[in-house]
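There are 2 protein chains.
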Amino acid sequence: MIGIFDSGVGGMTVARAVEQLLPDYPQVYFGDLARAPYGPKSRERIIQYSFDNTKFLLEHGAKIIIIACNSAASVATDLLVEAFPVPFFEVITPAVRQAVETTGSGRIGVIGTLATIRSGVYERKILAEAPTLKVFSAPCPLLVPLVEEGWLDGRETKMILRRYLQPLKLQQVDTLVLGCTHYPLLRELIQPRIGRRVRVIDSSAAVAEELKTFLASTPAVANELRQVGPSRYYVSDITDAARETAARIFGRPIDLIRTDA
Amino acid sequence: MIGIFDSGVGGMTVARAVEQLLPDYPQVYFGDLARAPYGPKSRERIIQYSFDNTKFLLEHGAKIIIIACNSAASVATDLLVEAFPVPFFEVITPAVRQAVETTGSGRIGVIGTLATIRSGVYERKILAEAPTLKVFSAPCPLLVPLVEEGWLDGRETKMILRRYLQPLKLQQVDTLVLGCTHYPLLRELIQPRIGRRVRVIDSSAAVAEELKTFLASTPAVANELRQVGPSRYYVSDITDAARETAARIFGRPIDLIRTDA
Chain P
3 MIGIFDSGVG GMTVARAVEQ LLPDYPQVYF GDLARAPYGP KSRERIIQYS FDNTKFLLEH
63 GAKIIIIACN SAASVATDLL VEAFPVPFFE VITPAVRQAV ETTGSGRIGV IGTLATIRSG
123 VYERKILAEA PTLKVFSAPC PLLVPLVEEG WLDGRETKMI LRRYLQPLKL QQVDTLVLGC
183 THYPLLRELI QPRIGRRVRV IDSSAAVAEE LKTFLASTPA VANELRQVGP SRYYVSDITD
243 AARETAARIF GRPIDLIRTD A
Chain X
3 MIGIFDSGVG GMTVARAVEQ LLPDYPQVYF GDLARAPYGP KSRERIIQYS FDNTKFLLEH
63 GAKIIIIACN SAASVATDLL VEAFPVPFFE VITPAVRQAV ETTGSGRIGV IGTLATIRSG
123 VYERKILAEA PTLKVFSAPC PLLVPLVEEG WLDGRETKMI LRRYLQPLKL QQVDTLVLGC
183 THYPLLRELI QPRIGRRVRV IDSSAAVAEE LKTFLASTPA VANELRQVGP SRYYVSDITD
243 AARETAARIF GRPIDLIRTD A
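Top line first, the protein sequences correspond to chains P and X.
First residue of the first sequence: 3, per our numbering; consecutive thereafter.
First residue of the second sequence: 3, per our numbering; consecutive thereafter.
Read the hints as simulated data drawn from the structure, not as lab findings.
No residue lacks a Cβ here, since even glycine has one placed at the ideal position from N, Cα and C.
Hints should not be assumed to be uniformly reliable.
[Unchecked claim] Example chain X residues on the side facing chain P (calculated, C-beta under 10 Å, incomplete):
no., residue
1, Ala36
2, Arg37
3, Ala117
4, Ser238
5, Ala243
Modelling step: build the complete structure from the supplied sequences, incorporating the hints.
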């Protein structure tokens, strides 16, 4: 099975994108709602939680792991790769690659939570691939609460997006990376505010595409993943809000399984 | 010592209010930042965390406990009182009492997080004291993120407050309860938007006043609490943002002690 973890249900935008591109591969998802969100927590805590989540997924049949949480991806990926003998994918690198391939003007914008932007991970990875590019980052800490509030089309949301995106627009970026798995739900509001001609890169879709390419080139792994059995969505805590957000992402009700692990 | 717990540093508005009214009583504070926030979590998880936090405070010298977290106060107080042989105070009841005493028109507004407002705890407690009063509640899920973003005077914050408060204003409440320990930091923006003549009740100040009255009437407990030794502020995770919010609340830097308990 394809293992996917996130601090909450935001990572389900990754699960959904993978399901759409690779419908024959069952998934095991873990959302750590009992300790969510990770963004405001320390590096040390995020690493500990990422190890816990990976162990849980491996115990539940995962043969590869997607880290569908930007905070975990930026601080824990290297340590996880060292510690566990399975392939890891994460939401940052594929979006970075797409952004570098897409930009014409060489000016790339990145939005994310405070923790993600402060970590500088997107900027570092973009410049590692193409040192002459210019990266402009903007932390958008209110967007996750706005998505979870369900204000996906409110006047305040538009105003807040304008305030967050204005500096990137002034920098005339031609590519904008959505560096948080919640943001695809705001994509239709983001596009007109950053500019119709700016290419918006969705990190959830990008990692799904990267996984598809990987499986096409490694049939042995692909066969191992393509087991019988339905996808399972585990969460360490369960609330109505989580059910609603999950249903909003998948466009159908999702059976969330509460676990103590 | 006076024990105080909250999911994060918001409860420090209570610690600060207690310090101002009762400067001779040392405090032991626990902020559960590793699992914060509690509001979006299930009843079961919040109860479990509240028990953990209470045990920690008792092990660290607390002789009374203030539950400085609305979510914990609303679901865990009765169970804690049953389980532990110390006096408990919480942030809801004193504010309810003040609101009931204050209102002239009998129309009271309450604002809080989604979890607090959905629980209906303020409404229930107000009506239990005075069944003829009218209570109007408004969930304000964006206010905690706005405070933590530090947007304490931004145009968006004012606009969002106006949107949240407008329905209560239309209901012509004469008293407004701030049902979340973060909201005292927004008090100066809230007052003009709800109306200059509306009495705003700060639940942090209210619980400090109630504790002061209690100690005046129980000198034995008061003497036991008035030990030598400085106040201590423990947190289960530590970040720059937590340090900044703590300093903003106290008006001075606070030495946060990281603990795994």
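Quick rundown of the hints versus the structure:
1. Ala36: 6 Å, holds
2. Arg37: Holds, about 5 Å.
3. Ala117: 9 Å, holds
4. Ser238: Holds. Min distance 8 Å.
5. Ala243: Where the cut-off is 10 Å and the nearest Cβ of chain P is about 6 Å from X:Ala243, the hint holds.
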